[in-house]
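Residue numbers (this note's numbering), protein chains in the order written: chain A, 3 to 496; chain B, 34 to 604.
If you are wondering where the hints come from, they were derived from the structure by calculation, not from laboratory data.
Watch out, some of these pointers could steer you wrong.
[Unchecked claim] Simulated coverage check for chain B against chain A, where a stretch passes if three residues somewhere in it have a Cβ under 8 angstroms from a Cβ of chain A:
(1) 379-391
(2) 571-582
[What the hints assert, rightly or not] Cβ pair distances, simulated, as ranges:
(3) 165/B - 34/A: 58 to 66 angstroms
(4) 117/B - 326/A: 43 to 51 angstroms
(5) 322/B - 235/A: 53 to 61 angstroms
(6) 338/B - 310/A: 47 to 55 angstroms
(7) 600/B - 218/A: 37 to 45 angstroms
(8) 124/B - 458/A: 49 to 57 angstroms
(9) 432/B - 486/A: 31 to 39 angstroms
[Claimed, not checked] To give an idea of the interface, some chain B residues facing chain A are shown, with a C-beta separation under 8 angstroms as derived from the structure:
(10) 124
(11) 126
(12) 165
(13) 171
(14) 173
(15) 195
(16) 198
(17) 203
(18) 512
(19) 514
(20) 523
(21) 601
Every residue gets a Cβ at the ideal spot worked out from N, C-alpha and C, and that includes glycine.
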Amino acid sequence: MSTHADPLSCLARRASVDAPGRRVFTRDEAIALAERALSMSAMQKFGIAISHRVTAVTKIVGGRRIQCVDSDQLNLGFPSEIGSKIQISVETNVRDAEMLRQVIRTAGLHKTPLPNAEDQKPDDPDDPYHSFDRPQHYLPVTLWHDSTIEAMSTARGETIANMADTMRNGDGRDRQLTMAGSVAVTSNVYLMYFPGGRIAWGEATDSEVTASVRARDGRASGWSGQTNRDWSQIQPERVVQEAIDMANRSRGPVRMEPGRHTAILSPVAVGQLVRHMSSNFAAVRNRAGGGPFSHVGAPNGRNLRLGERVFDERITMFTDPNDPLGGDFPFFTDGTPSGRQSWIEGGVLQALSYDPYDALKYGKTAIRDPESVHVMAAPGAKTATVAEMIANCERGFYVNRFSNLIEVDQNSTGLIGSTRDGCFYIKDGKINSPVVNFRIFESPFLMFNRIMAVGTSERVAFGFGDVHGWPLRPIIVPPLMVRDFNFSGMSDAV
Amino acid sequence: MNSSHRAVEHVSSLASSIGQSRRTFLTRSSLALATGLIGRSLHAGTSPTRHMHHVISIPVRSRRPVASFAPPLIDPDHMRNMARIAIEAATRAGAHYADVRIGDQRTFVNGSLGTTWRLGFTHGYGLRVQVGGGVAFVGGTDPTADRLVAAAHSAVATARGIARIAAPLLRVPAPVVTGEWMTSVEVDPFEVSPDDHAFVANGFGALKGYYGRVVAPAESCKWTSETRVFASSDGSLVTQQLRRAVPELWLDATPATFGDRARLIHQLSLVPPCNAGFEILLGTDLHARIIEAMHDMESWRTYAGGSIEVGRKEVVLDGQAFGALIGKTVVPALMLNNLLGDEQDVTGTSFFASPDAALGQQLGVPQLALSVVTGGTHFGRMQWDDEGIVPRTFPLIDRGAIVDCVASRTDVQALSSWYTQRGQPVVPAGAFSTEDVSLVPRPSPGALVVESVPAGPSLTELVKAMKDGLLVRGAWDVQVDQQGAGGSLIPQVAFEVRDGRITQRIDDFRVDFSTKKLLKELTVIGGPMTSETMPNPHWGGLPLQNMMQTMTAPAVHIREANVASNKMVVS
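Could you put the whole structure together from the sequences, leaning on the hints where they help?
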């Protein structure tokens, strides 16, 4: 068993989380590691995927209990092909050369071909599964910000202290509020490397600050958050102040009758609904008749609603890896390129998603699903601020955020959940009172057909409680005013 | 007879019982190669892998034991040495307290019908230090001496920095513990060959042909073998060889098309997650019990699928459904870190405002009892938790009232007046752990049990006593709000019951509930035969981690609950 020290000197420099500067691999370092690992294996058509992520998270609870968590995670994977359709993968996190050699040897990857491999066919150069050995072209993207890298060592001390000060100042003399806040900063890189063929490289930074403020009697709460790949755009004190304001305004909620009402949804609330839409853009699902864009039994034989108006004409949705408000790696996990894609234009369905396997099967171009998406007012459509939406609302509710949405109706993406951290009754164009939280039962696909007003889009923070981890792929959405939003019942939670 | 021989003996016996030769099984099995896990983890958004692991796919066919493809790479002596280095570096740098976990974990997952295999192992560390009131945690992979020393220096510097503004943090003393411990297993799954794993898995799949219906058991199991070293600046140093099994056994009736509401899927509780070995799949009566469940499943399909009027109705929840509900509401509400607001900006808080508001409160009928259990083959069993505390079985709810919470060494002081009042020492119960040593440990009891009533009714008797209501079998999901104060239970299968008889199967309905009210409406708790043990994965902590635990619960009768439709009405 190995006890060797790390021979890769490039990593020794990054041992300390407090050392300023980049701590994840550069492109050259990643390729050097890839070639070193590949040299240990004699597998035919061997490629390697390397991902490296460094994250610093700081959490403050009750204003003074603080915990910091730092993680440095490296992953090496060896996808390869034998004949067609058979893949072998090895993942490892070791950087030590001797341990790496041991892993590869143990897995039998030093032999070619593997014994007893079934379905092994002679190579067919026309087989589309052999695309890995062809170079690809990728959309240039800018997802890296040095300000975020610097913040990995500076943000926690100063930022947390400032957040705590803002909380103390905003709490008032009677200290009726308590805060929990989190500051997270990360950088990550990814390399998919097939020698002489596909080389996909991406590097990105991201950051998020959230604050949850609750009344000490447990009867009011507020929340706010900001996220940006560029730390310099984050305003932590403003996050805390907004959460304090929301909590203070949520005191003394009244019970209101559930039902279908006009709703003004904050960008966060809209983002939480939109996040559940992405898998329903899969072409395969809709072809099978199980999606919102299926057109089963259409007289013209078409079974997809491409080219039809499916949302309000004021809605446009697209994914752009180079979106200045978010962006994403311009490729699938296997390095298949994926560029800018329009999903909805003026309410009309433009495209559905295909993963590389389905794209080959149906003769389409592979398109990543809109898990990262930008929803905005269609060009030329009038936008409104939240204040304007409220002013134009005779009766309705403002929703800051939802809690734990899950899908219960597959065909319509019907979601259940509850409101939280700020829900207010609007009457005659003004916020009238905070309300006891509601349960909701709503479909974002149906909701986008009941639009009354659209705001200006922003990237939303989701906080750190999502089961998909952090950070989530960017969701950029506007606030919305929606008719007949289904507040299905009362919630006991605060 | 070694592990592999036992497995071979059993599968040969199994093959002959279903009229096939072992060779036929092996010929039919297609051990497809594992697909890469990299794909799941990659993009600029989410963290590339929540659990750093070596994942190795194995050749299509092999008679070699699984361990030959993924042997332990790290010697326990080396791990102990690394732990000592980390603690020494941290204390020299100025830590007032430090503890470290170093883990070498192997996992093996066989998919349904032996067609998909994953082998992997996590090789990492998690170092936690405290300076004054500041706490810093550094976690990573590939723990070398240099890396651990650097992590210690970094963590102490961070903790010292935040100590300037952090409140004092009291950590209750704990006994110094040393030694080694190992989970007891009869058949080490890593000493079984892939062929024999596939043979057993295919044995379940072959029941489809045996029964002659379109009801296909799908089985997979995640086996974990881990060496974990814990050390602390108090002087503790322990090594544990942990073995865990998380099997999943599902019945799937009717061919599936998207939106086909006649499709029934039901997870069986016959083999729950546990700390045990391959022997759990070798039970001689297991196939008979599966066939019995398949028979029940087929009878469910014969009921017409329909709807009922929404509104308040009496409900019987089977053990799976009640356990899922309790596991997502009451259990998180009694985690002390939730009660104190530590998670309020992550997963949420508790539907009790504070520990004082919870302790002593009557939640339900006097027969209601919920306990954290340890020992035997209960899931998550360890000799020492990830704070070096020896775990113990203890009640959370006794005679319908809340009597305890799950605490750690740093927050158990919040329970001091309650413990003192009851003559208990102010110490945590040893339920603090993590499944990945590179992540922060958190309150996470491995196994919880809601007690059945010794002479309580069977499920059949509970149904017969219903006048007009809903019978819920299993739970697809339980949606809860941020406090667990209420939510919705989505059944796997549900039936309308009138005058004690099932009249139709109900599709697309859910049970909306308010947790406290539902427990007050609980009128009857079922007998031992109604108890089922199911996995209850839960999320929490920062970074967020998914942890497994089991919930054992009996069937119950609820006087009234709100039944709602899952079908969207287009307005």
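Now the hints, each set against the structure:
1. Counting residues of the region 379-391 of chain B whose beta carbon lies closer than 8 angstroms to any beta carbon of chain A gives 7, which meets the minimum of three for the stated coverage.
2. Figure legend: the region 571-582 of chain B, annotated as covered by chain A; annotation consistent (5 residues with Cβ-Cβ distances under 8 angstroms, at least 3 required).
3. Under the hint 58 to 66 angstroms, the C-beta atoms of residue 165/B and residue 34/A, about 42 angstroms apart, miss the expected range.
4. Look at residue 117/B against residue 326/A: about 50 angstroms separates their beta carbons, and that is inside 43 to 51 angstroms.
5. As the Cβ distance of residue 322/B to residue 235/A is approximately 59 angstroms, the hint placing it in 53 to 61 angstroms holds.
6. Evaluation of the 47 to 55 angstroms hint for residue 338/B and residue 310/A yields a failure: the beta carbon distance comes to about 31 angstroms.
7. Distance hint check: the CB atoms of residue 600/B and residue 218/A are about 42 angstroms apart, consistent with the given range 37 to 45 angstroms.
8. Between residue 124/B and residue 458/A the beta carbons are some 53 angstroms apart, a value that agrees with the proposed interval 49 to 57 angstroms.
9. Here the CB-CB span from residue 432/B to residue 486/A is close to 48 angstroms, at odds with the stated 31 to 39 angstroms.
10. The interface hint given for residue 124/B is broken, as the beta carbon of that residue sits about 18 angstroms from the closest beta carbon of chain A, more than 8 angstroms.
11. The interface hint given for residue 126/B is broken, as the beta carbon of that residue sits about 12 angstroms from the closest beta carbon of chain A, more than 8 angstroms.
12. Restraint check, residue 165/B versus chain A: the minimum CB separation of about 10 angstroms is more than 8 angstroms; hint violated.
13. The interface hint given for residue 171/B is met, as the beta carbon of that residue sits about 5 angstroms from the closest beta carbon of chain A, less than 8 angstroms.
14. Given the 8 angstroms rule on beta carbons, the hint for residue 173/B holds: about 4 angstroms separates it from the nearest Cβ of chain A.
15. Because the smallest distance between the Cβ of residue 195/B and any Cβ of chain A comes to about 4 angstroms, under 8 angstroms, the interface hint for this residue holds.
16. Hint on residue 198/B holds. Least Cβ distance to chain A is approximately 5 angstroms, under the 8 angstroms limit.
17. With its C-beta approaching chain A no nearer than about 11 angstroms, residue 203/B sits outside the 8 angstroms limit, and its interface hint is violated.
18. Taking 8 angstroms as the C-beta cut-off, the interface hint given for residue 512/B holds, the closest approach to chain A being about 5 angstroms.
19. With its C-beta approaching chain A no nearer than about 4 angstroms, residue 514/B sits inside the 8 angstroms limit, and its interface hint holds.
20. Annotation: residue 523/B was flagged as interfacial toward chain A, and the flag holds, the nearest CB pair being 6 angstroms apart, inside 8 angstroms.
21. Of the supplied interface hints, the one on residue 601/B holds, with its beta-carbon coming within about 4 angstroms of a beta-carbon of chain A, less than 8 angstroms.
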